[in-house]
Amino acid sequence: MSHLDAIPLWAAILIALLLVAGSSLVLIGSIGLVRLGSFYERIHAPTLGTSWGAGGVVLASMLTFSILGGRPVLHELIIALFITITMPVTLMLLGRAALYRDRAEKATDEPPKRV
Amino acid sequence: MPIEHNLLLALLALPFLGSLLAASLPANARNAEAWLSGLVMLGGLVLLAGLFPSVSNGQVIRAPVSWVPSLGLNLTFRLDGFAWLFLLLVQGIGFLVVLYARYYLSPKDPVPKFFSFLLAFAGSMTGLLLSGNIIMLVVFWEMTSLFSFLLIGYWHQSAAARDGARMALVVTGAGGFCLLAAMLLIGHVVGSYNLDRVLASASMLRGSGLYVPILILFLLGAFTKSAQMPFHFWLPNAMAAPTPVSAYLHSATMVKAGVFLLVRFSPALGNTELWFWLVAGTGMATLVLGAVVALFRHDLKGLLAYSTISHLGLITALAGIGSPGAIVAAIFHIVNHAVFKASLFMAAGIIDHESGTRDMRRLSGLMRLMPITGTLAIVAAASMAGVPLLNGFISKEMFFAEAADWHNGSILDDALPYLATFASIFSVAYSLRFIHTVFFGPPPVDLPKTPHEPPLLMRRPVELLVILCLVIGILPAASLGPYLQAAVTSVLGRDTPDYSLEIWHGFNTPFVMSLIAMGAGVLLYVLTARWLPGSPEGPPLLHRIKLQKVFDRMMLLMSWKWPRQILLRIGTERLQPQLRLLVALALGAAIWVLADAGRLVPDLTEGSFDPAFTLVWIVGAACALGAAWQAKYHRFAALVLLGGAGLATCITFAWLSAPDLALTQLLVEIVTTVLLLLGLRWLPQRRTDIAADRLMAARVRRGRDLVLAAICGGGLALVSYTVMTTAPGPSIADWFLANAYSEGGGTNTVNVILVDFRAFDTYGEITVLAIVALTVFALLRRFRPASESTGLPEQQKLQDAADHRADGRQPGDTLDNYLLIPSVIMQWMFPAIILLSAYLFFRGHDLPGGGFSAGVTLAIAFLLQYLAANVRWIEDRLRILPTRWIGIGLLIATATGAGAFLFGAPFLTAHAQYLDLPLIGKVPAATALLFDLGVYAVVVGATVLMLIALAHQSLRHSRSRDKEDS
Chain C
1 MSHLDAIPLW
11 AAILIALLLV
21 AGSSLVLIGS
31 IGLVRLGSFY
41 ERIHAPTLGT
51 SWGAGGVVLA
61 SMLTFSILGG
71 RPVLHELIIA
81 LFITITMPVT
91 LMLLGRAALY
101 RDRAEKATDE
111 PPKRV
Chain B
1 MPIEHNLLLA
11 LLALPFLGSL
21 LAASLPANAR
31 NAEAWLSGLV
41 MLGGLVLLAG
51 LFPSVSNGQV
61 IRAPVSWVPS
71 LGLNLTFRLD
81 GFAWLFLLLV
91 QGIGFLVVLY
101 ARYYLSPKDP
111 VPKFFSFLLA
121 FAGSMTGLLL
131 SGNIIMLVVF
141 WEMTSLFSFL
151 LIGYWHQSAA
161 ARDGARMALV
171 VTGAGGFCLL
181 AAMLLIGHVV
191 GSYNLDRVLA
201 SASMLRGSGL
211 YVPILILFLL
221 GAFTKSAQMP
231 FHFWLPNAMA
241 APTPVSAYLH
251 SATMVKAGVF
261 LLVRFSPALG
271 NTELWFWLVA
281 GTGMATLVLG
291 AVVALFRHDL
301 KGLLAYSTIS
311 HLGLITALAG
321 IGSPGAIVAA
331 IFHIVNHAVF
341 KASLFMAAGI
351 IDHESGTRDM
361 RRLSGLMRLM
371 PITGTLAIVA
381 AASMAGVPLL
391 NGFISKEMFF
401 AEAADWHNGS
411 ILDDALPYLA
421 TFASIFSVAY
431 SLRFIHTVFF
441 GPPPVDLPKT
451 PHEPPLLMRR
461 PVELLVILCL
471 VIGILPAASL
481 GPYLQAAVTS
491 VLGRDTPDYS
501 LEIWHGFNTP
511 FVMSLIAMGA
521 GVLLYVLTAR
531 WLPGSPEGPP
541 LLHRIKLQKV
551 FDRMMLLMSW
561 KWPRQILLRI
571 GTERLQPQLR
581 LLVALALGAA
591 IWVLADAGRL
601 VPDLTEGSFD
611 PAFTLVWIVG
621 AACALGAAWQ
631 AKYHRFAALV
641 LLGGAGLATC
651 ITFAWLSAPD
661 LALTQLLVEI
671 VTTVLLLLGL
681 RWLPQRRTDI
691 AADRLMAARV
701 RRGRDLVLAA
711 ICGGGLALVS
721 YTVMTTAPGP
731 SIADWFLANA
741 YSEGGGTNTV
751 NVILVDFRAF
761 DTYGEITVLA
771 IVALTVFALL
781 RRFRPASEST
791 GLPEQQKLQD
801 AADHRADGRQ
811 PGDTLDNYLL
821 IPSVIMQWMF
831 PAIILLSAYL
841 FFRGHDLPGG
851 GFSAGVTLAI
861 AFLLQYLAAN
871 VRWIEDRLRI
881 LPTRWIGIGL
891 LIATATGAGA
901 FLFGAPFLTA
911 HAQYLDLPLI
921 GKVPAATALL
931 FDLGVYAVVV
941 GATVLMLIAL
951 AHQSLRHSRS
961 RDKEDS
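Respectively, the protein sequence lines represent chains C and B. Here full-length UniProt numbering is used: the first residue of the first sequence is 1, the next is one more, and so on. Here full-length UniProt numbering is used: the first residue of the second sequence is 1, the next is one more, and so on.
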């Protein structure tokens with residue numbers, strides 16, 4: 001524990017809480033990805049990690065480095081922004097692909113209605 | 001003598017520079033081309049004139065130019081009297097030929113090509129004559145063959161020109177190869193490739209056990225070039241070239257290179273019985289055969305070609321006799337023959353040009369229509385026949401004198417005078433036929449054109465040469481004497497004999513031989529004149545032997561039949577055996593090298609065990625194995641798993657503190673995956689139900705492959721592990737780390753190595769990258785996928801069918817909207833990624849990034865655009881010209897590298913300093929950054945080029961589908 005000694009106690013508690021909350025959300029999301037029943041249920045689980053899970057970790061990081069550097073460190077926001085933009089798109093694509101496959105396999109002569 | 005060095009180098013450089021300039025002039029600039037080439041040749045003559053005083057007494061000018069001094073490689077140029085005399089021919093006749101060609105070539109011919117090749121040939125010939133290093137000599141020798149090939153094929157529309165050019169190249173090129181082997185052997189025996197050292201090592205060469213192979217290889221080179229029996233057949237076929245080329249290359253200069261070499265090396269390799277038999281024997285056979293065949297040719301240029309072969313045989317025979325007097329005669333005849341034969345070729349060209357035919361059976365009585373050209377041709381032909389008061393007579397007398405002289409008393413020696421006289425009879429007869437059929441007799445009928453005198457300037461070169469024939473013939477000692485003396489002294493040194501250049505030597509044996517030849521020659525022509533036009537093209541019986549056919553048969557065998565048979569025996573088109581062979585070979589090599597390496601046992605005790613890192617590696621290895629497992633039937637799954645393995649590698653790099661590598665790996669992983677994914681579209685689905693796949697043989701084969709792969713992979717892992725767990729000790733890496741900032745001005749050592757310390761390697765690598773990209777593009781451009789995968793994808797068909805059924809929707813609407821949100825985001829990401837790319841590029845010298853990763857990033861930006869929308873939509877809005885990116889990148893890298901020359905530093909020397917920019921402040925600026933810009937552009941261009949090649953597949957197929965539908 002070298003450079004982290006410079007962080008005051010109140011901040012350390014806050015950072016720890018944010019980190020634990022964020023990583024717990026990611027863990028819960030991952031367990032859900034494994035445990036949930038159908039594909040459509042499962043693609044919802046990782047969103048926990050990418051929304052507030054990532055948010056918690058990013059906030060913790062911003063706080064830590066702002067205090068350590070003595071100036072506001074904000075570039076983690078870009079990470080949060082890109083994750084927020086790209087992850088829903090990925091999940092949407094996966095969902096569409098699954099939907100298409102299920103419909104096409106269940107009734108080959110009846111194409112998807114609004115895909 | 002620095003001024004003479006510079007003159008020598010200027011003499012060599014001038015024609016090549018002229019050639020480059022000539023190539024860049026517009027296609028119809030006939031006058032400019034002629035002026036340029038003429039001035040280059042004249043410049044050469046002026047330089048030669050300035051150099052003569054320094055070589056007139058047998059001295060030699062040597063100009064060594066250090067080329068790669070660290071390897072002891074020097075270019076040595078030397079000039080002596082013999083080379084000087086020959087250069088005089090090259091430049092002097094070259095000048096006249098340029099003047100002649102200006103009027104000979106039609107306005108429709110592409111002149112820049114002609115004059116550019118002609119000047120380049122003159123340069124190669126100059127280099128050949130000036131070479132002071134025997135390997136360099138072979139290089140220039142081959143260059144003359146190459147330019148001869150290009151010039152013979154100048155009218156490439158005609159099949160005869162193409163065949164003749166190819167034949168000349170194959171024969172002289174093969175000879176050049178033999179010559180190279182001979183020169184390497186000579187260098188091995190003498191211990192030096194320096195021409196002076198070689199010429200001074202005669203006893204060493206003759207005493208060596210390698211003398212016979214050296215001599216044979218050397219003679220093969222000289223004989224093919226000088227069209228000696230039995231390699232003479234290429235020369236008549238080379239007459240498909242434009243006449244100025246025939247006059248210049250194939251009579252006056254290039255074919256003389258062979259005899260030049262014979263004369264040059266005769267002091268070193270000559271004076272043995274083998275030399276006498278081989279060289280004099282071949283020369284005499286060629287002399288006789290050439291003269292006999294020449295009489296029977298109906299084509300003007302064919303007659304002159306065989307006459308040239310015959311005269312080359314004469315010079316070869318003289319070199320073979322090898323006595324000092326014979327060498328004098330050989331050098332003298334080289335000059336004389338060049339003068340009269342060049343003028344004859346030019347006259348033949350004029351006749352062809354003005355009357356439209358070269359067939360002697362159709363020509364007659366031209367004396368009335370073109371009296372001046374006729375007179376000139378008659379004088380030149382008389383010189384060829386050896387009529388007194390003309391230059392041909394004097395050297396022929398010298399040859400007769402040598403032939404009649406006693407040398408070693410062998411049968412060949414005894415036969416020499418008879419053979420010489422016999423050949424001379426035919427030479428008189430064919431000269432007579434040339435004059436009589438073309439210029440005398442009834443007026444010509446039914447010619448393609450009405451003959452008349454050519455333009456004045458086209459005739460001037462012929463006039464000048466014919467005047468030279470007369471001047472040398474009447475005043476030999478006063479005109480050519482000093483130059484000949486210088487040439488002879490430089491070859492023979494202290495053995496230079498006393499010879500007299502006079503017309504009248506009294507009523508001696510040579511004169512009697514001349515008289516017999518004259519009389520019998522005239523008689524021979526009178527007897528055969530009526531019968532000749534109806535005879536086949538060649539002497540009785542002999543015309544059935546066609547060496548050309550033998551050559552064609554050989555070419556067919558060696559370039560088609562044998563290679564195919566060998567390929568059938570030992571080759572395979574299947575990839576599996578090829579790969580198996582490669583892998584097995586690598587395995588064998590590794591076992592051979594590592595067999596007795598003691599330290600190949602991994603040291604498991606050292607190093608710490610980290611569970612998280614181990615987990616990453618277990619996942620990575622599982623992905624890699626899974627990819628191999630699924631690669632056969634489930635390519636998509638294999639690709640996904642491959643990505644997993646790549647990510648594990650990437651994490652490893654980051655873990656082991658190599659952020660630069662991690663970054664690059666991540667970016668490359670993205671590009672590779674996407675490109676492979678695009679490629680998958682065109683691979684047909686594999687059938688899983690192939691019966692033969694379950695047979696025992698197939699199982700055994702797969703088992704064997706598995707074992708081989710497991711051994712190789714395991715072995716590689718073992719070796720890698722051993723290497724990585726060995727403490728390296730002091731290595732070059734420490735030096736790089738210590739000096740990256742002080743020497744290269746960057747704190748990112750990886751980048752400094754790439755663009756500064758090892759910039760030359762990088763330069764080579766980006767060149768390879770560019771070549772690979774172009775190759776991939778070329779291959780994919782002609783790629784036709786299997787018919788199963790050319791149709792529309794299943795999903796698209798279903799979507800289109802749904803559109804078709806729904807009201808108010810056009811087929812394709814669903815497809816357009818399918819990726820709407822992702823594509824909007826991808827398009828919005830475009831500027832962001834470009835910014836990231838620029839950021840990576842500019843910080844590259846000090847922090848992870850650099851030209852390569854920045855280039856890949858930009859390529860990803862383009863890649864995303866192609867994914868987001870269809871190709872047409874993208875290319876309507878965004879034109880990327882990847883080949884320009886590649887070209888500009890290479891140019892930038894080269895220019896940056898070459899910029900170092902301006903400061904007197906070696907190629908690619910970098911310079912780093914800090915610049916003060918307004919607003920931004922102090923920024924590091926290194927020339928390496930410019931080089932990195934080149935890398936950047938090449939990487940972008942190469943990646944995008946491959947992307948486009950793949951993307952356009954779908955365009956092409958939708959086009960062909962549309963065509964089928966309509």
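Quick caveat, the hints were computed from the structure, so don't treat them as lab data. Do not rely on the hints blindly, as some may be mistaken.
Claimed, not checked - Once the Cα atoms are required to be at most 30 Å apart in a straight line, the calculated DSS-like pairs of lysine-lysine come out as:
1. B:LYS108 x B:LYS549
2. B:LYS797 x C:LYS106
3. B:LYS449 x B:LYS113
4. B:LYS546 x B:LYS561
5. B:LYS113 x C:LYS106
6. B:LYS561 x B:LYS549
Okay, the hints, checked on the actual structure:
no.: 1; hint: B:LYS108 x B:LYS549; verdict: violated, 34 Å
no.: 2; hint: B:LYS797 x C:LYS106; verdict: holds, 17 Å
no.: 3; hint: B:LYS449 x B:LYS113; verdict: holds, 28 Å
no.: 4; hint: B:LYS546 x B:LYS561; verdict: holds, 21 Å
no.: 5; hint: B:LYS113 x C:LYS106; verdict: violated, 71 Å
no.: 6; hint: B:LYS561 x B:LYS549; verdict: holds, 16 Å
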